[in-house]
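J.: Sequence:
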Amino acid sequence: MRRTDREITDIGEIIGIIESAGVLRLGLFSDEYPYVVPMHFGYEYADGVFTFYVHCAREGRKLDLIDRDPRVCIELEGGTRLISGGDVPCEWGAEYSCVMGFGTAVRLTDTGEKIKGLSLLMKHQTGREFEITPGMTKAVEVIAVRIGSISAKARKVQ
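Residue 1 is where the sequence shown starts when you use our numbering, and the numbers rise one by one after that.
Don't take each hint at face value.
To be verified - Taking CB as the label site, the calculated pair distances span:
| no. | residue 1 | residue 2 | range |
| --- | --- | --- | --- |
| 1 | 75 | 133 | 27 to 35 Å |
| 2 | 49 | 119 | 41 to 49 Å |
| 3 | 131 | 91 | 25 to 33 Å |
| 4 | 23 | 129 | 20 to 28 Å |
| 5 | 68 | 4 | 32 to 40 Å |
| 6 | 151 | 38 | 40 to 48 Å |
| 7 | 49 | 82 | 44 to 52 Å |
| 8 | 4 | 148 | 34 to 42 Å |
| 9 | 44 | 84 | 51 to 59 Å |
Unchecked claim - Computed cross-link-like contacts, DMTMM-like style, restricted to lysine to aspartate or glutamate with a CA-CA straight-line distance of at most 25 Å:
| no. | residue 1 | residue 2 |
| --- | --- | --- |
| 10 | 116 | 59 |
| 11 | 138 | 67 |
| 12 | 123 | 10 |
| 13 | 153 | 141 |
| 14 | 153 | 13 |
| 15 | 116 | 87 |
| 16 | 156 | 87 |
| 17 | 138 | 113 |
| 18 | 116 | 91 |
| 19 | 156 | 7 |
| 20 | 116 | 129 |
| 21 | 116 | 141 |
| 22 | 156 | 91 |
Since the hints were derived computationally from the structure, they do not count as laboratory data. Just so you know, even glycine gets a beta-carbon here, dropped at the ideal spot from N, CA and C.
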């Protein structure tokens with residue numbers, strides 16, 4: 001990371017940024033260009049590893065790309081705010097925090113894992129717990145994104 005003065009290594013702070021984010025951007029390998037998709041998500045942090053859960057229709061471009069190459073990148077952001085520089089364009093800036101990670105996307109097939117992923121997604125997005133039935137899992141594809149490398153940084157202005 002070039003700006004080590006903005007680097008965040010404390011896992012609690014990283015979780016705080018993730019908690020404040022509503023959208024995960026999932027980056028996939030495509031033919032000519034990268035393919036980035038904004039998605040609602042849920043997550044868990046266990047044994048030092050983040051796993052993010054997203055859901056989608058049972059067919060489509062992102063699933064085709066994951067099937068071809070499961071390596072992915074994620075990006076989440078929180079606390080963004082424009083900082084005025086007045087009449088001087090170069091004095092303008094932003095307050096922000098972000099998390100980036102690299103890992104592998106896996107299409108879940110086990111009903112129990114799909115229920116867990118959808119439950120975590122709903123809890124993160126709504127703050128509520130829902131009963132997810134096995135029948136509900138049949139209507140969607142659930143993807144687990146297991147992160148092997150994660151980094152975070154922030155710029156806070158006093």
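J.: Indicate, hint by hint, whether the structure satisfies it.
T.: The hints, checked one at a time:
Roughly 32 Å separates the CB atoms of residue 75 and residue 133, a value that falls within the hinted 27 to 35 Å. At about 19 Å, the CB distance of residue 49 to residue 119 disagrees with the hint of 41 to 49 Å. Look at residue 131 against residue 91: about 52 Å separates their beta carbons, and that is not inside 25 to 33 Å. Checking the proposed 20 to 28 Å range against residue 23 and residue 129 shows it holds: the Cβ atoms sit about 21 Å from each other.
In this structure, residue 68 and residue 4 meet the distance hint of 32 to 40 Å, their C-beta atoms being roughly 35 Å apart. Taken as a hint, the range 40 to 48 Å is violated for the pair residue 151 and residue 38, whose Cβ atoms sit roughly 20 Å apart. Taken as a hint, the range 44 to 52 Å is violated for the pair residue 49 and residue 82, whose Cβ atoms sit roughly 34 Å apart. Restraint check, residue 4 to residue 148: a C-beta distance of roughly 21 Å breaks the suggested window 34 to 42 Å.
One distance hint, 51 to 59 Å for the beta-carbon pair residue 44 and residue 84, is violated here, with the actual separation near 39 Å. With a CA separation close to 21 Å, the supplied pair residue 116 and residue 59 stays within the 25 Å bound. A threshold of 25 Å between alpha carbons decides the hint, and for residue 138 with residue 67 the separation of about 19 Å falls inside it, so the pair holds. Between residue 123 and residue 10 the CA atoms are separated by roughly 24 Å; this keeps the pair inside 25 Å, and the hint holds.
Our distance criterion of 25 Å between C-alpha atoms is broken by residue 153 and residue 141, whose separation comes to about 31 Å. Only pairs whose Cα atoms come within 25 Å are accepted, and residue 153 paired with residue 13 is accepted, the gap being roughly 10 Å. Taken as a hint, the residue 116 and residue 87 pair is broken in the structure, with Cα atoms around 51 Å apart against an allowance of 25 Å. A hinted pair counts as satisfied when its Cα atoms are at most 25 Å apart, and residue 156 with residue 87 qualifies at roughly 22 Å.
For a cut-off of 25 Å, the pair hint linking residue 138 to residue 113 stands: about 12 Å separates their Cα positions. For the proposed pair residue 116 and residue 91, the alpha carbon gap of about 46 Å is over 25 Å, so the pair is violated. Between residue 156 and residue 7 the CA atoms are separated by roughly 12 Å; this keeps the pair inside 25 Å, and the hint holds. Straight-line distance between C-alpha atoms of residue 116 and residue 129 comes to about 11 Å, which keeps the hinted pair within the 25 Å bound.
As the CA atoms of residue 116 and residue 141 are separated by approximately 13 Å, the hinted pair is consistent with the 25 Å bound. Among the hinted pairs, residue 156 with residue 91 is consistent with the structure: their alpha-carbon atoms are about 15 Å apart, no more than 25 Å.
Consistency with the previously given hints fails for numbers 2, 3, 6, 7, 8, 9, 13, 15, 18, ordered from lowest to highest.
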